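Q: Below, each chain spelled out in residue letters.
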Amino acid sequence: MKIVVTVKLVPDTNAEKRIDPGTQRLIRTGVETVLNPYDEYALEAALALKEKLADGSTVTVLAMAPEATKETLRKALAMGADDAVFLTDAALAGTDTLGTADVLAHALKNIGFDLVICGGLSDDGSTGGVPGALAEFLAVPGITNARSLEIIDGRVHAQRETDNGYQVVSAALPVMLSVTMAVGEPRYASLKGIMGAKKKPIAPMALANIGAPGSAGAAGAKISLLSTAPPPVRGKAKVVEATDGLSGAQAVLDFLKERKLV
Amino acid sequence: MNFDLTDEQKAIQSLARDFARGEVAPRAEEMDREEAFPYELVRKMADLGFMGLPFPEKYGGSGADTISYALAVMEIARIDASTAITMAAHVSLGASPFYLFGTEEQKQKYLVPLAQGKMLWGFGLTEPGAGSDAGNVATKAHLRDGKWIVNGTKAFITNSGTDMSGGTTITAATGTRPDGRKEISNLIIPQATPGFTRSKKYKKMGWRASDTRELAFVDAEVPEDSILGERGQGLKQFLKILDGGRISVAALSVGLAMGAYDEALKYAKERHAFGQPISSFQAIQFKIVDMLCEIELAKNMILKAAWEKDQGRDFNQTASMAKLYAGEVSRRVVNEAVQIHGGYGFMDEYPVSRMYRDQKINEIGEGTNEVQRVVLARMLGL
Chain A
24 MKIVVTVKLV
34 PDTNAEKRID
44 PGTQRLIRTG
54 VETVLNPYDE
64 YALEAALALK
74 EKLADGSTVT
84 VLAMAPEATK
94 ETLRKALAMG
104 ADDAVFLTDA
114 ALAGTDTLGT
124 ADVLAHALKN
134 IGFDLVICGG
144 LSDDGSTGGV
154 PGALAEFLAV
164 PGITNARSLE
174 IIDGRVHAQR
184 ETDNGYQVVS
194 AALPVMLSVT
204 MAVGEPRYAS
214 LKGIMGAKKK
224 PIAPMALANI
234 GAPGSAGAAG
244 AKISLLSTAP
254 PPVRGKAKVV
264 EATDGLSGAQ
274 AVLDFLKERK
284 LV
Chain B
2 MNFDLTDEQK
12 AIQSLARDFA
22 RGEVAPRAEE
32 MDREEAFPYE
42 LVRKMADLGF
52 MGLPFPEKYG
62 GSGADTISYA
72 LAVMEIARID
82 ASTAITMAAH
92 VSLGASPFYL
102 FGTEEQKQKY
112 LVPLAQGKML
122 WGFGLTEPGA
132 GSDAGNVATK
142 AHLRDGKWIV
152 NGTKAFITNS
162 GTDMSGGTTI
172 TAATGTRPDG
182 RKEISNLIIP
192 QATPGFTRSK
202 KYKKMGWRAS
212 DTRELAFVDA
222 EVPEDSILGE
232 RGQGLKQFLK
242 ILDGGRISVA
252 ALSVGLAMGA
262 YDEALKYAKE
272 RHAFGQPISS
282 FQAIQFKIVD
292 MLCEIELAKN
302 MILKAAWEKD
312 QGRDFNQTAS
322 MAKLYAGEVS
332 RRVVNEAVQI
342 HGGYGFMDEY
352 PVSRMYRDQK
362 INEIGEGTNE
372 VQRVVLARML
382 GL
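Chains A and B, in that order, are what the protein sequence lines are.
This note's numbering numbers the first residue of the first sequence as 24 and each following residue consecutively.
This note's numbering numbers the first residue of the second sequence as 2 and each following residue consecutively.
For the record, the hints were derived by calculation from the structure and aren't laboratory data.
No experiment lies behind these values; they were computed from the predicted model shown.
Backbone N, C-alpha and C define an ideal beta-carbon position, used for all residues, glycine too.
Hints may be right or wrong, so weigh each one.
Computed footprint of chain A on chain B, listed as stretches where at least three residues anywhere in the stretch have a Cβ under 8 Å from a Cβ of chain A [stated by the list, open to error]: (1) 4 to 14; (2) 40 to 53; (3) 60 to 68.
Extracted from the complex, chain B is given alone in its bound form (with noise of 0.2 Å):
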């Protein structure tokens, strides 16, 4: 065994530690605050390579391993789950479908722009009637005259109303298989399709900075080659997809974790009480030390997640325990930081009480918390 990172991974750790602490923290809470979307960061990021991480340089992408993802979302996450979530969903949502699934065509046309961070992109699977039974997708395409014309609505779809956004790719019901049930594809709608709409931005408790929609599609129209990939193999396709992105969401967990952590530990120091730092308390050294200890676990579940997925391992026990335990491992570390700080944690003005809001969604997003022991209660055979 070996824990060692190698010098690549501990450069691109420390580059997004640097730009994480250089660029997006004198921003974050302004960006909160304002709900505004963080297009000059977008921008650098993509300069730098964030935006096409683990892509193959072919692609337009860095080139770089799944533990450099992970590792490079944490440092994002620890200063601003906002922006975290922005790079985060577009690598993983965005962009990895037409990696895993496009064809050398789509690829070509938007895994290139997406991976050099020239557009984002969205992925729609949830609907307003469901969530975690995505499979019972109402949003319905049917062919007429060589084309898709579809009907739908899609709900909490990142990414997806940007200036920079060049479309989502959706879930649809694309026809009935032979044993009567739906079949399910995946469908590539760029922005300016007639009939696809897109709400204004949700009003949300957390990761305010990030864009997210509601999308109508009333008759849509796309040309027949708009499938991703093959026909029919949509809900395949889309739980490989959130495969992938349960490492990034438990990076994100635990990123958010660690900055919670770095405010309490900060705070402890400087905060007197009774004529000492309360950081001299039992009370406050056994919260501290807990923290430590479930970050360290779930950022070591993580790592292994992403090493299994860059040997080419089955990686999904790994993931799914990883994102399950790191969202919880958020709430617990967030809210003793919070305590930590007592009613300073409260105000707005300490970092701690945005990103208080920020982690409950960690606990829903990309699989609910009780949906990830269904998926690891079926691993299990029971």
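In isolation and in its complexed conformation, chain A is listed as follows (with noise of 0.2 Å):
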């Protein structure tokens, strides 16, 4: 079977990150662009059903980002996709959550694919929005969420986290899932996977091939950004010395009490 993974290229996620107050948009010039980290546990889902199913299926990954950034893409290849799909236009710029949604419908319906997997959200954006929309714009069942998978006689068996333990789901493929970190470490690239990432092809995709849906771009986009703004700085934490674990505690344990929060 074919899985793709949607991937999105982020801005590292260990750099400090800072909004252009003209445009709203994150400032990427100088921050080296990484995988997001959430669609490194779908990559991760994906190799190990394509490993466990060891029946020819195939891993391509597919990630809709500016030009600059293609190169990021063979991480993913490292890691043991099999192929990628680099959608990149100009005009994609400032698409929101929906029109990504439907932007990367349109590119998957050109792909083709039995079973999609996407990261639960992205580090950037963090809306968690695509999804769900994907799973609508396809028209195929969604299973969000999930922490495991299998695949039983051409149906997606998954369990679905929840608040207080899971649900157990299961949809005929073709499925989008999406996955959270409960389904395993992504693996490191081997060595072996960088130096013959090389040779995996990351084919080039526009809007034009897949018929330029409207909703692409700042334009098309039916959600406004207004403003964004840095978290408030924490204040001053509380320090209390203690001359003992035992009277330490019970600093804590008062403090707690003073807040209501026990």
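Dock chain to chain to rebuild the complex, using the hints, since each chain is given by itself in its own frame.
A: Written out as structure tokens, the structure reads:
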């Protein structure tokens, strides 16, 4: 079967993030681009599934990003994806969450798939809205927040994480599925994978190839970003000197009681 | 000129960094305290291809270049010197002699499993009475009934006694040359050779998780074809092996300095004195800037030596300068890193105290600072 993993390319998660006050967008210059960490879990789930199936199934990664970040995709290939599709187009700048899902759905229909696996959300925008909308646009069953998955007789069986535990659900392929971090730690790209990745294809794709949906770009966006602000600066921590563990614990308990937290 | 790393070199550097931070960092302190050899980490490094990083794929290696190798050693040493020397000694001293001088049969038999990281291998040059004058080998081997009979002692041999060590290649006097001087050859000695024993691990000041032992040979018998490459070429061979080793030891040194710098910078921003972070004081700022400048210089020199090697050029002088300079930089940087930490830098719970102990050997191992200066002076024709 053909597994496609959607991958977002985001500014280095360890770098300090700054917003351009003019455009209200993240400043990407001078900051390295990395695979969205949540999407690495999606890729891990796809690679583990491919290995388990061992039936000639393939893993393709699909990214929608500016041209300059293309080589970032090599990491996904080094980790073990078979090939990549790189959707880039100047007209995509400013696409909102709904538009992103629409554009990705057009791209996925063009590529073809049995199973689409997404990360739960992106490290930069953090809307978490793409997977659900993507299932809708693809008109396939959407299983979100999966913590494990397997394929049995052409159906996906997955455990969906909930606040209190998990649900066991199943749906006939093709399926769109998003994963949580419980699905398994992403593997390291091996040296062999790195050396082999440069020979794997990254196919270019533009909006014209997929019927240029009107939802693309700032013009197609339904949500307007009005303003952004940095998180409030944390107040000064209260420091209590304790002579031993017991009096330290008592001080912590008193503090929590005082705030009515216990 | 172009200082950009290739995408592949960047990917290998980033893999080594992620691995060091994710896998090595959580274990480094305990490994040092318990003097515990990092079997699990070596297995993981083998799976990822680090143990055969610069060797061709047809010999079980990863086929990467010397620059990538140096970058990988730096990133691992940045977190833990013991793990880094285990890998670097394996690649540069254990496996590379087979790659450089082994017959095709020896390459298949030894280099392939070594590059795959299935076993470790030592290189025995130093003796209790022959360090800097390594040519003055007291270990002897003579032929008897088609076998080499080896007698002697080797000192400070890395990776020689772990549960996954397959053997050690040693220098020995195998006869007398026509000019009356010793004929030196390298002999391949598998672990199970009768008459070959390893001491307990040395108690060391630093590199405590790495495996370092004294080797004893008492009428140890190996087959006649146990000579590495050609008989009588031992001296030339080990000089060439050490040339390449200098790049990796230099990378170890600068990696350690980078790690000490990281810790010092972090601490200087966190630690407050007189109502402000100590990083706001010029006394601290100047130290940090000096550390960074020296690290950058040493790193550039190492990468230049690695580049020269990758280009097939003579890299000996640059590698010697890099080894000497990086070793001394690691001392100055780690010393200031402890100083910035104040009293806490003297405490075991801060990584800089381990780094301080791990540093000294950088100025001794694989040619002391003094020997590097002698080598360099000779290159200048002095």
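Q: Does the region 40 to 53 of chain B contain three or more residues whose Cβ lies closer than 8 Å to a Cβ of chain A?
A: holds (count 4)
Q: Tell me if chain A covers the region 4 to 14 of chain B under the three-residue, 8 Å CB rule, please?
A: holds (count 4)
Q: Three residues minimum, CB to CB under 8 Å: does the region 60 to 68 of chain B make the cut for coverage by chain A? Let me know.
A: holds (count 3)
Hint compliance for this structure: no hint is broken.
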